[in-house]
Amino acid sequence: MLDPNTLAHVIALAPAAPALGGLVIAVLLAARLAGERVVAAVAQTAIGLGLLGLLVGLVGWALGPAGPLELGFGSWYSGAGYDFRIDLLIDGRSAAVSALVSLLLLATSRFSIAYLHREPGFNRFFLLMLLFGAGMQTLVLAGNLELLFVGWEIVGMTSVLLVGFFHDRQGPVKAATRVLVTYRLCDIGLLTAGVSLHRWLHTSDWMAAEQAALTSPWPATFVGLSLVFAAMGKSAQFPLGGWLPRAMEGPTASSAVFYGSLSVHAGVYLLLRAAPLLEHSLAAQTMMITVGAITAVISAMSSQASPDAKSAVAYATASQVGLMFVEIGFGLYTIATVHLVAHAMLRYYQFLRTPSALQDALARRAALGRTEADEGAVRWEALGLRTRRYVYRMAIERFDVEIALDRYVVRPVMALSRRLDRLESQLLALHGESDRRGRGSKEDRR
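Residue numbering for the sequence shown follows the UniProt record's numbering, starting at 1 and increasing by one per position.
A hint or two may mislead.
[To be verified] Simulated restraints on C-beta separations:
1) Glu424 x Asp3: 55 to 65 Å
2) Arg32 x Gly171: 55 to 65 Å
3) Tyr408 x Gly331: 50 to 60 Å
4) Arg37 x Thr221: 50 to 60 Å
5) Met414 x Ala363: 47 to 57 Å
6) Gly331 x Arg184: 28 to 38 Å
7) Leu103 x Val297: 40 to 50 Å
Calculated directly from the structure, the hints in this document are not laboratory data. For every residue, glycine included, the Cβ atom is placed at its ideal position computed from N, Cα and C.
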């Protein structure tokens with residue numbers, strides 16, 4: 001077995017190599033030396049180096065003593081009783097998901113070389129993909145909530161930028177804005193949970209927090225609900241999942257690796273990592289089960305009624321992620337982890353094959369005169385015509401969830417913000433008038 005110091009630096013290549021590759025591409029772009037071949041070579045080398053370091057490190061960990069291993073790189077900041085440590089946590093869960101991230105990024109880089117050939121945003125795509133890889137590996141390997149939050153934010157921002165990849169069109173820009181607003185809103189939950197853990201447990205280290213939760217009473221419900229809220233936005237759960245079909249505005253490669261396989265499962269991974277803490281909150285477990293079950297049903301029906309292939313796969317993805325929430329809520333952590341890895345690989349393949357799948361479906365219809373969709377429609381014939389029409393309308397409109405959110409949340413908040421803006425303008429005007437009067441009275445006295 002490698003000594004812990006060497007092991008830590010080898011495994012750290014998983015997030016560090018993509019980050020370094022992104023920096024090299026940024027320098028090449030600034031120097032105007034970034035051709036497609038050079039950028040592709042840098043990206044594949046960086047991802048391959050990260051994968052190699054991860055595999056060597058995981059083999060070294062597997063040959064050592066059984067159990068989780070925490071690898072420390074010191075403190076980023078320390079003061080006033082607060083210590084922001086850079087620690088990596090290696091266990092079965094982080095090892096499996098981290099290896100999945102590296103493999104899918106390597107496959108995506110190879111696919112995108114041909115898919116985005118001569119695309120004006122070719123270099124920008126690979127830069128964002130490398131930054132996303134660094135953020136995702138940081139999120140997965142983080143040994144504490146602060147470091148996870150760093151990776152969480154990098155993943156979020158690169159996701160938004162890739163949704164708006166074709167920024168010369170209005171649709172992708174609006175979709176990216178919707179994703180950004182949802183992410184920023186739900187990130188409040190993650191920040192709140194981190195502050196609460198430090199206030200009540202005096203640590204956000206996953207292993208230390210688990211032990212502290214077992215030995216001392218603490219407000220588990222508040223922290224648990226905050227983490228679930230953060231995961232709901234990242235993993236497109238009810239009622240915050242309307243951004244996921246809109247995210248399909250980005251390139252197929254980013255749809256596959258972000259919203260089909262990795263980014264959309266970040267919320268699930270957060271809940272799996274925080275599972276020992278969530279076990280102390282019945283309210284958080286109930287919320288996971290309820291939200292996941294509702295999302296699974298609504299998204300499954302919307303997937304069947306969706307008029308385009310990528311949106312159908314997106315809704316199907318949200319449905320399966322909802323089932324993962326239910327599994328975690330019932331304490332089935334191993335099943336949820338296996339479900340996450342298997343589902344990520346399946347959706348990744350489906351998103352990349354979406355154009356070919358449409359051609360295959362048309363060929364089958366031409367040859368056989370009937371498709372699997374036609375066979376599936378037979379199941380609904382047991383319902384009456386009016387009922388079928390109603391269910392279809394509700395499914396294709398996502399059961400009016402977004403309409404309700406717009407009417408009862410977005411519009412009141414926007415109206416309140418406009419009123420506050422007018423009030424601020426009036427107060428500033430009054431303050432300016434009082435200043436002018438004060439200056440005028442002083443001049444008169446002179």
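Enumerate the violated hints, using their earlier numbering and listing them in ascending order.
Going through the list in order, the structure violates hints 2, 3 and 7 and respects the others.
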